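Undergrad: Given next are the chains, with one letter for each unit.
Protein chains: 2
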Amino acid sequence: MSSALLDLPVKVSSERLFKSLMDLAEIGATPKGGNCRLALTKLDGQGRDLVTGWMKEAGMTVTVDKVGNIFGRRAGKDNSLPPVMTGSHIDTQPTGGKFDGCFGVLAGLEVVRTLNDHDIQTDAPIEVAIWTNEEGTRFVPVMMGSGAFVGKFKLEDILNTTDKDGKRVGDELKAIGYDGKESVGGRAVGAYFEAHIEQGPILEHEKKVIGVVTGSLGLRWYDVTVTGMEMHAGPTPMPIRQDALYASTFIMQDVVQNALDHAPHGRGTVGSATVHPSSRNVIPGKVTFTVDIRHENADALLDMHQRLMATCARIQKEHNVSVEVKEVSYFPPTPFDAAMVNTVREAAKSSGFSYMDIVTGAGHDAVYLASVAPTAMIFVPCKDGVSHNEIEDAKPEDLGAGAQVLCEAMLAKAIR
Amino acid sequence: MSSALLDLPVKVSSERLFKSLMDLAEIGATPKGGNCRLALTKLDGQGRDLVTGWMKEAGMTVTVDKVGNIFGRRAGKDNSLPPVMTGSHIDTQPTGGKFDGCFGVLAGLEVVRTLNDHDIQTDAPIEVAIWTNEEGTRFVPVMMGSGAFVGKFKLEDILNTTDKDGKRVGDELKAIGYDGKESVGGRAVGAYFEAHIEQGPILEHEKKVIGVVTGSLGLRWYDVTVTGMEMHAGPTPMPIRQDALYASTFIMQDVVQNALDHAPHGRGTVGSATVHPSSRNVIPGKVTFTVDIRHENADALLDMHQRLMATCARIQKEHNVSVEVKEVSYFPPTPFDAAMVNTVREAAKSSGFSYMDIVTGAGHDAVYLASVAPTAMIFVPCKDGVSHNEIEDAKPEDLGAGAQVLCEAMLAKAIR
Numbered sequence: 012m013s014s015a016l017l018d019l020p021v022k023v024s025s026e027r028l029f030k031s032l033m034d035l036a037e038i039g040a041t042p043k044g045g046n047c048r049l050a051l052t053k054l055d056g057q058g059r060d061l062v063t064g065w066m067k068e069a070g071m072t073v074t075v076d077k078v079g080n081i082f083g084r085r086a087g088k089d090n091s092l093p094p095v096m097t098g099s100h101i102d103t104q105p106t107g108g109k110f111d112g113c114f115g116v117l118a119g120l121e122v123v124r125t126l127n128d129h130d131i132q133t134d135a136p137i138e139v140a141i142w143t144n145e146e147g148t149r150f151v152p153v154m155m156g157s158g159a160f161v162g163k164f165k166l167e168d169i170l171n172t173t174d175k176d177g178k179r180v181g182d183e184l185k186a187i188g189y190d191g192k193e194s195v196g197g198r199a200v201g202a203y204f205e206a207h208i209e210q211g212p213i214l215e216h217e218k219k220v221i222g223v224v225t226g227s228l229g230l231r232w233y234d235v236t237v238t239g240m241e242m243h244a245g246p247t248p249m250p251i252r253q254d255a256l257y258a259s260t261f262i263m264q265d266v267v268q269n270a271l272d273h274a275p276h277g278r279g280t281v282g283s284a285t286v287h288p289s290s291r292n293v294i295p296g297k298v299t300f301t302v303d304i305r306h307e308n309a310d311a312l313l314d315m316h317q318r319l320m321a322t323c324a325r326i327q328k329e330h331n332v333s334v335e336v337k338e339v340s341y342f343p344p345t346p347f348d349a350a351m352v353n354t355v356r357e358a359a360k361s362s363g364f365s366y367m368d369i370v371t372g373a374g375h376d377a378v379y380l381a382s383v384a385p386t387a388m389i390f391v392p393c394k395d396g397v398s399h400n401e402i403e404d405a406k407p408e409d410l411g412a413g414a415q416v417l418c419e420a421m422l423a424k425a426i427r
Numbered sequence: 012m013s014s015a016l017l018d019l020p021v022k023v024s025s026e027r028l029f030k031s032l033m034d035l036a037e038i039g040a041t042p043k044g045g046n047c048r049l050a051l052t053k054l055d056g057q058g059r060d061l062v063t064g065w066m067k068e069a070g071m072t073v074t075v076d077k078v079g080n081i082f083g084r085r086a087g088k089d090n091s092l093p094p095v096m097t098g099s100h101i102d103t104q105p106t107g108g109k110f111d112g113c114f115g116v117l118a119g120l121e122v123v124r125t126l127n128d129h130d131i132q133t134d135a136p137i138e139v140a141i142w143t144n145e146e147g148t149r150f151v152p153v154m155m156g157s158g159a160f161v162g163k164f165k166l167e168d169i170l171n172t173t174d175k176d177g178k179r180v181g182d183e184l185k186a187i188g189y190d191g192k193e194s195v196g197g198r199a200v201g202a203y204f205e206a207h208i209e210q211g212p213i214l215e216h217e218k219k220v221i222g223v224v225t226g227s228l229g230l231r232w233y234d235v236t237v238t239g240m241e242m243h244a245g246p247t248p249m250p251i252r253q254d255a256l257y258a259s260t261f262i263m264q265d266v267v268q269n270a271l272d273h274a275p276h277g278r279g280t281v282g283s284a285t286v287h288p289s290s291r292n293v294i295p296g297k298v299t300f301t302v303d304i305r306h307e308n309a310d311a312l313l314d315m316h317q318r319l320m321a322t323c324a325r326i327q328k329e330h331n332v333s334v335e336v337k338e339v340s341y342f343p344p345t346p347f348d349a350a351m352v353n354t355v356r357e358a359a360k361s362s363g364f365s366y367m368d369i370v371t372g373a374g375h376d377a378v379y380l381a382s383v384a385p386t387a388m389i390f391v392p393c394k395d396g397v398s399h400n401e402i403e404d405a406k407p408e409d410l411g412a413g414a415q416v417l418c419e420a421m422l423a424k425a426i427r
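Sequence lines, in order, name chains W and H.
For the first sequence, my numbering begins at 12 and goes up steadily by one.
For the second sequence, my numbering begins at 12 and goes up steadily by one.
Simulated from the structure, these hints should not be mistaken for lab results.
Bear in mind the structure is a predicted one, so any value in this text is a computation, not a measurement.
One thing to keep in mind: the hints can contain errors.
The list treats identical chains as interchangeable, and a pair is accepted whether it falls inside one copy or across any two copies.
Claimed, not checked - For lysine-lysine, the following DSS-like pairs were computed, each having C-alpha atoms within a straight-line distance of at most 27 Å:
#1 Lys297 x Lys43
#2 Lys175 x Lys337
#3 Lys337 x Lys297
#4 Lys394 x Lys43
#5 Lys67 x Lys30
#6 Lys185 x Lys67
In isolation and in its complexed conformation, chain W is listed as follows (with noise of 0.2 Å):
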C-alpha cells in the first residue's frame, strides 16, 4: 500500500525536518559544531523535554518506561492494531554529531507532523520511541533501552549500573524525570521502522540517496596475545629469534584477507595493537592485539572464526611463538524481516529517489527490535562516511528522502 494509493500528495518538509535537527543539536553544542548529550545528563534531560514537547504540540500521547524508553503515540482508527513504530536515539557520544540517532527519532516526529498537514489517520496507530543510552558511552552496555526492551538485560541490572563517577542509571533517571512507570518491554509492536544516517562510505561512493537496510552483520570480537621472546635487537641473530610482533604481523594481515575472501560482506579488523616492551633496540617479547571480524551470513562468519584460529594455530608452530586468543564479544548476524525490507526498497522506488540495498556494519537499537517485532532500517548517505564525530554532516535534502521514504512505509504498514 503506497500512499499514492491514497491519492494525495502526503510528502514530508526536509526544512522542518533540518530545522528540528538544528534546534536539538542547540542543546549540549560543542564548539567544533558537534553534540556532546551524553545519556541521563541534565543535557539529556533538556533534549528529551524538548523532542517530548513537540511531540505532545503534534498530539501524540507520551509514555515513559521504567528504563526511560519514551513511546509518544498517535492514534489511529482501530487502537487495538499494535503500533507501527519508528525511533531511534538521542543521545550522543562524548564528541558526537548532530544526526547519528536523533534523525531517526525526528524523522519520525516529521511523519507524525506530515500526516496531521495533511489530515490523514491511519488504521494502525503510529509511535515514535526514543531509545535510551544508544550509545554506550557513560553507561555500559550500548543499545541499553532496546536491549532492556527485549528482555535482552535485566531491569534491576540496568538500573544498577553506574558511570565512573559511581552514578546509578537509576538514580539519574529520576534526577532528569525520566523515571517512567511503565513496564519495560511486553509493549505490542506490529512493525518497527528505523532511520539512520549510514555512518560508512557506501551510498556517498555509489551516489545513491536511500540505502535499503537488508540485515545487521553479525560480529565476533576477540583479544590475541602473542608471547616470544625479549632479546637484544643488535646480537640476536635471526633465525634464532621469537618475535612477537613479526609473528603478530602475519595473522593481523589474514584478519584482512579473511575478510576480502569473504566479500563483499566481510570484514575484518585489527583496531589495536600493544607492543612490550617497546624498546627500539629490544625485539618484542610480547604483543596484544584486537580483531573485529564481521560477516551478515552466519554460516561465513563461522567460517572466518575457524579460519582465524587455524591461522592463530599455524602462526605459533611456524613462529616459535605462543599465540593465546580469547573471544570478548558475539553478535549473530541479524537478517531483517523480508517483507519490511520489500517495504522500505518499495517506498524509495515509489518516491523516486536512487536506492540500493544495504547492510549494516554498526549496532542499531533495530537490531534489538527484529527479536521481538517485524523490524527494517532505511539509511541516508553521511559525508566520508563519518559519525562519532563533531564533524559528522548530511544533507538536509537527503534526510528529507529518508523521512518522505520513512513516511510511505509507515503508511504502508499502517494503512489496511
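With chain W's structure known, arrange chain H on it following the hints.
TA: Using the frame of chain W, we list chain H on its own:
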C-alpha cells in the same frame, strides 16, 4: 708471542675473578639478584672506590681524566712504549646484571694480579680502563667516557649534560670525587682489548666458550609514520579502507626479510609500534613504529637502507596511505684490526678453549677505541643470551676462560 714462549704456566684464577665480580655486585645489589649502579651516583662512586682500591693493592697507579675515565697502570720495562690497554665499564642499567661491563674491567685486573703472581714484567706497560657512563641510562649519550676520549664529544658538552632531575655530569663527577685532572684523550694506547659477555645467544647456541670478535655491526635507526584514514570498522567495506596498521605490517615484515636476505650478519627489528586511535572497532588512522637495521658490511647496510626506502615508497602507493621515514641514528660498521683479532684467535687456540669468530651487534667502548688504537674484543657466553636484566648470568669457568685469553693476548702484545 704467546705466553707459552715465556715457558711459564701463566694461569688466571677463575675463582678470584668471580669473587671480585660478586664483591663488586654487592654495591647496588637488587632484590632479584641484579645490579643498579647508575653512572655517577653515590653507588657508582663506591664501585669505583672498590675497584681502584684493588688496582692500588695490585701495585697499579691510578689516573682519572676530566670526564671520570679511570686508568690503572702497571709499569713495563720500557715505559716509553705505549701501553697495552684493556677495560670496560662498571656502571649498570637500572635493572642490570652483575657481568655487563664489570667482567671486562675485572678480567683486566685479574690479568694484572696473575702477572704479579708470576712476577712477570712486560716490556710495554699494561693499563686497565674504567670508562664513564657506558650505559647511557642516566645521562645520554651512551658510551660517553670512551666517546669523549676518542674526540667524538666535546668535554664542555659532556660536563653540562644533565639527568632528568637536572643534575650536571660535571657536578656529579665532583660529588663522587672522580672529577680528574688529566685531559680527556691524547693518552697513548698501543693496543686495546675488551672482554665482555656476548649479550646474545650465539656462543651458547654453538657451544663455544670464546667469541673472537671481528668487528661491530653498523646500525641505522628510523622512525616510520604511516597515515591512513580513521573509519568505523563495521560500516566501512574492505576495498575502500586506508588501514594504516595493515599497510604497516608489510613494511614490518620486509624489515625482517631484508635482514634474512642479508644473512648471516643482517639484523632487522621493529621494536616499538603505536597505533592510533587504538580502538577495537576503529580502523587505525595512524601507526608509528621504529626500524633498527644492522650489518657488518657498509655496502650491505647501504643496500638494506635503500631497500627499506623502496619498500616504504611501494607500500605508500599500493595501500593508499602516506609513509614518512625519518632516520634518527647512524653508526657505520667497525671492523676490528685484523692483526689484533688474530692475536685473540691465537690466544684462544693456544689456551685450548673452543672458539669461533663473531661480530658484536651491541655497542661497546671498544667500538670507539677502534678509531684511535688497534682494537679487538673477546666474548664469553651468557645464559640464554640475556643481558640488561637482573637475571643476566654467566659461568665462572667461562668468565675465567675469557680472562685467560685476554691475558695471553695482552702478553703477546706487551712482550717483545
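Undergrad: Hints first: check each against the structure and report whether it holds.
TA: Results of checking the hints against the structure:
1. Lys297 x Lys43: between (39 Å within a copy, 22 Å between copies)
2. Lys175 x Lys337: Intra 25 Å, inter 40 Å, cutoff 27 Å: intra-copy only.
3. Lys337 x Lys297: both (16 Å within a copy, 25 Å between copies)
4. Lys394 x Lys43: For Lys394 and Lys43, only the intra-copy Cα distance (16 Å) is at most 27 Å; the inter-copy one is 57 Å.
5. Lys67 x Lys30: within (18 Å within a copy, 90 Å between copies)
6. Lys185 x Lys67: This pair counts as within: shortest intra-copy Cα distance 21 Å, inter-copy 82 Å.
Checked against the numbered hints given earlier, the structure satisfies every one of them.
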